[in-house]
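Undergrad: Sequence:
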Amino acid sequence: HEELVGLGAAAVGIEADVSDPDVPAAVLQKVGAELGPVRALVMSHCDGVDAGITDTTVEDFDRVFAVNARATWLLVRAFAEQFPGPHGAGRIVALTSDHTAGNLAYGASKGALDRIVLAAAIELRDLGITANVVNPGPSDTGWMDEAMLQAVAASTLLGRVGQPEDAANLVAFLCSELGGWVNGQLIHSNGGWHPE
3 HEELVGLGAA AVGIEADVSD PDVPAAVLQK VGAELGPVRA LVMSHCDGVD
53 AGITDTTVED FDRVFAVNAR ATWLLVRAFA EQFPGPHGAG RIVALTSDHT
103 AGNLAYGASK GALDRIVLAA AIELRDLGIT ANVVNPGPSD TGWMDEAMLQ
153 AVAASTLLGR VGQPEDAANL VAFLCSELGG WVNGQLIHSN GGWHPE
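The opening residue of the sequence shown carries number 3 in the numbering used here; numbering runs sequentially from there.
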């Protein structure tokens, strides 16, 4: 928040638990009240638990789906309901993942997120809203140890680990006027990562 304001952007910080079904619409309302109607919705929220098919609990599964899938749908719906136009200026971008084994609820819920956003590309076309999904692959956001960083770099065609800026540049393009022709796509922005 402070960094955005320092760059001259209008910004408002909102701490929210999107597992609460009332929160997504409230977030869009608060942003709209403070900054005006929202023309681009970028979603990078997520929850996960390291558990597979046999050890994921029902409670964990439901919580992760509430955050990763249901909140995505509710955010997209609230965004569409408040979108002011003009036709062709609306943007939705969600970040996804392809990790499933050993993390069942996370991977499955990200698959649901993909389908929700891709459906939005079709269902919201009359509003002039584009909707795309970006899969950044493994990115160095602090969750990998040194051995994993080296393994990921070795399995990436560009020979390095993705940085947050790599996906952010694509998201910025998709939200721009130049990105207006890209719609209904799941784009891999991962440097050619190909796990063995």
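Just so you know, not all the hints are guaranteed correct.
Said to hold, decoys possible - With beta-carbon atoms standing in for the labels, derived distance ranges:
#: 1; residue 1: Arg79; residue 2: Glu148; range: 36 to 44 Å
#: 2; residue 1: His47; residue 2: Arg162; range: 25 to 33 Å
#: 3; residue 1: Ala153; residue 2: Asp128; range: 43 to 51 Å
#: 4; residue 1: Gly90; residue 2: Asp57; range: 43 to 51 Å
#: 5; residue 1: Ala174; residue 2: Asp57; range: 22 to 30 Å
#: 6; residue 1: Ile124; residue 2: Gln84; range: 18 to 26 Å
#: 7; residue 1: Gly54; residue 2: Met146; range: 29 to 37 Å
#: 8; residue 1: Gly90; residue 2: Val7; range: 38 to 46 Å
Worth flagging that the hints you see were computed from the coordinates, not collected in a lab. C-beta: ideal position from N, C-alpha, C; glycine also.
Undergrad: Determine for every hint whether it applies to the structure shown.
TA: Here is how each hint holds up against the structure:
no. : hint                        : verdict
1   : Arg79 x Glu148: 36 to 44 Å  : holds (42 Å)
2   : His47 x Arg162: 25 to 33 Å  : holds (26 Å)
3   : Ala153 x Asp128: 43 to 51 Å : holds (46 Å)
4   : Gly90 x Asp57: 43 to 51 Å   : holds (47 Å)
5   : Ala174 x Asp57: 22 to 30 Å  : violated (39 Å)
6   : Ile124 x Gln84: 18 to 26 Å  : holds (20 Å)
7   : Gly54 x Met146: 29 to 37 Å  : violated (20 Å)
8   : Gly90 x Val7: 38 to 46 Å    : violated (29 Å)
Going through the hint list in order, the structure does not satisfy hints 5, 7 and 8.
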